[in-house]
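Novice: Those sequence lines, one after another, are chains A and B.
So for the first sequence, this note's numbering puts the first residue at 1; every next one is plus one.
So for the second sequence, this note's numbering puts the first residue at 1; every next one is plus one.
If you are wondering where the hints come from, they were derived from the structure by calculation, not from laboratory data.
Only some residues are given here: those of chain A computed to face chain B with a beta carbon under 7 angstroms:
1. 5
2. 13
3. 21
4. 93
5. 95
6. 102
7. 260
Simulated restraints, written as ranges between beta carbons of each label pair:
8. B/12 / A/7: 34 to 42 angstroms
9. B/114 / A/8: 17 to 25 angstroms
10. A/256 / B/176: 39 to 47 angstroms
Note that CB positions come from ideal geometry on N, CA and C, so glycine has one too.
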Amino acid sequence: MVADVSLFQQVSAVAHRSVTRTLRQRGLLVFPVLFPLILFAINGSALSAATHIHGFPVSNYRDFALALPFIQGALFVSISAGTDLARDVETGFFNRLALTPLRGSALLVGQLGGAFVVASIQSIVYLLVGIATGVGIRAGVGGAVVLLALSTLISFGFACLGCLIALRFGSGEAVQGIFPLLFVLVFLSSSSLPRNLIKTDWFREVATYNPVSYLIEGVRSLIITGWDGEALALGFGFAAALAVIALALAERAMRTRLVRT
Amino acid sequence: MSTSSPAIEVEQLVREFRKGPRAVDHIDLSVSPGEIYGFLGPNGAGKSTTVLMLTTLLPPTSGRATVGGYDVVKQGAQVRASIGAALQEAALDPILTGREHVNLQATLQGLAKADRKRRADELLERVGLTEAADRRVGGYSGGMKRRLDLALALVHRPRLLFLDEPTTGLDPQSRSAVWDEVARLAHDEGITVFLTTQYLEEADVLADRVGIIDLGRIVAEGTPAQLKAQIGSPSVEVTPVEQDAGERLAELLARFGELRQNGRGSVTVQLPGGESELAEVVRVLDQAGLRVELLQLHQPSLDDVFLAKTGRKLEGAGEEVEEEPAGRGRRLRRRGR
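Assemble the whole structure, with the sequences as input and the hints as a guide.
Specialist: Structure below.
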């Protein structure tokens with residue numbers, strides 16, 4: 001009656017739990033979706049004068065601003081994924097799982113299943129709200145699909161980062177502690193202005209070296225430019241690098257945390 | 001594992017934490033198949049650390065242990081496959097239902113799909129959670145959580161069960177329900193149970209044999225009856241009406257046996273001659289005209305055993321020690337004693 005459990009079965013079981021948890025906690029879905037949209041509404045109105053700057057790429061600031069919610073949403077995903085895992089460590093649920101034949105990699109990937117659902121839902125909502133408020137996707141329907149793929153990849157990368165912190169420190173507070181840091185990274189990027197229009201030298205330098213700029217510009221290019229190969233390559237490149245590095249480090253942290261004889 | 005070989009065998013097991021004392025200090029023990037072994041001690045004595053090592057969740061610093069015939073260091077996967085464990089604090093997900101917990105556990109333990117539902121129904125009924133099975137665990141009482149925890153430990157039909165303080169924080173009714181189930185598992189199904197507890201009564205009622213651990217060392221081991229017999233005689237506790245009569249009371253009772261002054265004038269004296277000496281105690285007090293507020297005969301208890309072996313009462317003994325299970329790691333800190 002007891003058989004070997006395949007990796008796929010293990011991932012599916014953990015992912016099912018993660019998705020179930022996520023869908024039952026409406027707060028995890030509503031606030032990460034709502035907060036970036038509120039900022040989108042404020043920025044779209046308050047910063048609209050920026051479009052008068054010579055060389056600004058669009059005439060409607062909302063077109064420019066729509067990329068930001070996708071990144072902010074990704075930050076929320078990182079916090080919720082990491083907090084969930086940290087809570088498992090804190091409550092001992094992690095020990096319960098460790099006593100089963102569950103593999104660490106299956107636990108990590110399964111845990112990210114919930115993050116994937118949140119990321120997908122919120123990306124679709126941001127896109128629909130943007131379109132409903134008059135934002136056009138210059139890259140067309142295909143571009144919208146690519147945009148969803150890129151934003152989900154970005155969310156996945158940040159979720160891996162959240163899991164890494166959770167596994168490294170085993171504390172929800174530590175995961176939440178990185179949130180302000182990530183937010184600073186977002187604001188020190190090209191989130192509000194194109195890099196070439198940032199007048200303050202140090203800010204422009206920081207934004208240029210800040211990988212978040214390229215994540216935002218990748219998403220934004222599909223909305224305001226169309227098919228921009230360089231922006232997309234950089235966007236996907238940095239997102240994939242974040243995901244791969246954070247996942248590898250999280251996997252290592254999982255092995256350390258899941259020390260079983 | 002043959003029926004004659006021990007279900008659990010521990011030799012000179014040690015666990016040290018960085019910058020901390022030895023949480024477990026060269027312990028030896030052996031548990032027979034089908035036996036309920038009670039591991040009794042105050043908070044911070046090393047009970048949970050021992051359980052973590054025996055369940056493969058914490059590598060020993062030195063020593064050797066086999067569980068179900070498998071070495072806990074070299075054959076961890078086989079050990080985990082043969083044991084069920086309900087560790088300290090029922091580790092449950094408040095968002096999931098009881099049935100979802102059992103299903104998750106059954107899947108991860110490799111039960112065939114067709115067997116999962118049947119096993120879930122069977123276990124939930126056994127622990128009295130059939131009606132609550134589809135409710136979220138966040139709404140369960142402490143007793144219900146503990147019973148679900150026990151059901152989860154049994155999903156894959158283990159032959160050995162580790163229960164780390166399974167009734168801590170439960171009301172008497174819930175505690176009794178857990179005791180009944182544990183006794184049934186051992187006596188009807190032949191499951192070996194390794195049970196840690198800080199409750200004397202729990203060890204006394206449930207355990208076939210008891211190991212008493214303090215400061216990481218096993219200070220006594222045997223059946224409850226054997227341990228109590230080591231203490232031998234009953235004792236009588238006398239509390240005078242006037243607290244300042246304690247010294248005089250001690251002088252009067254010294255003739256009977258070993259004395260212990262409990263504070264507020266109260267004195268406990270061993271009665272080597274047995275209960276029959278109680279009448280003489282009353283006569284002596286009466287002749288001396290000493291007014292008594294309370295006179296209580298104590299049969300030897302496991303607390304007396306603990307007191308005799310460590311010089312402290314079990315209740316409150318752990319308050320000098322802080323043990324912090326920090327997720328998968330543990331830190332141990334002791335205040336100066």
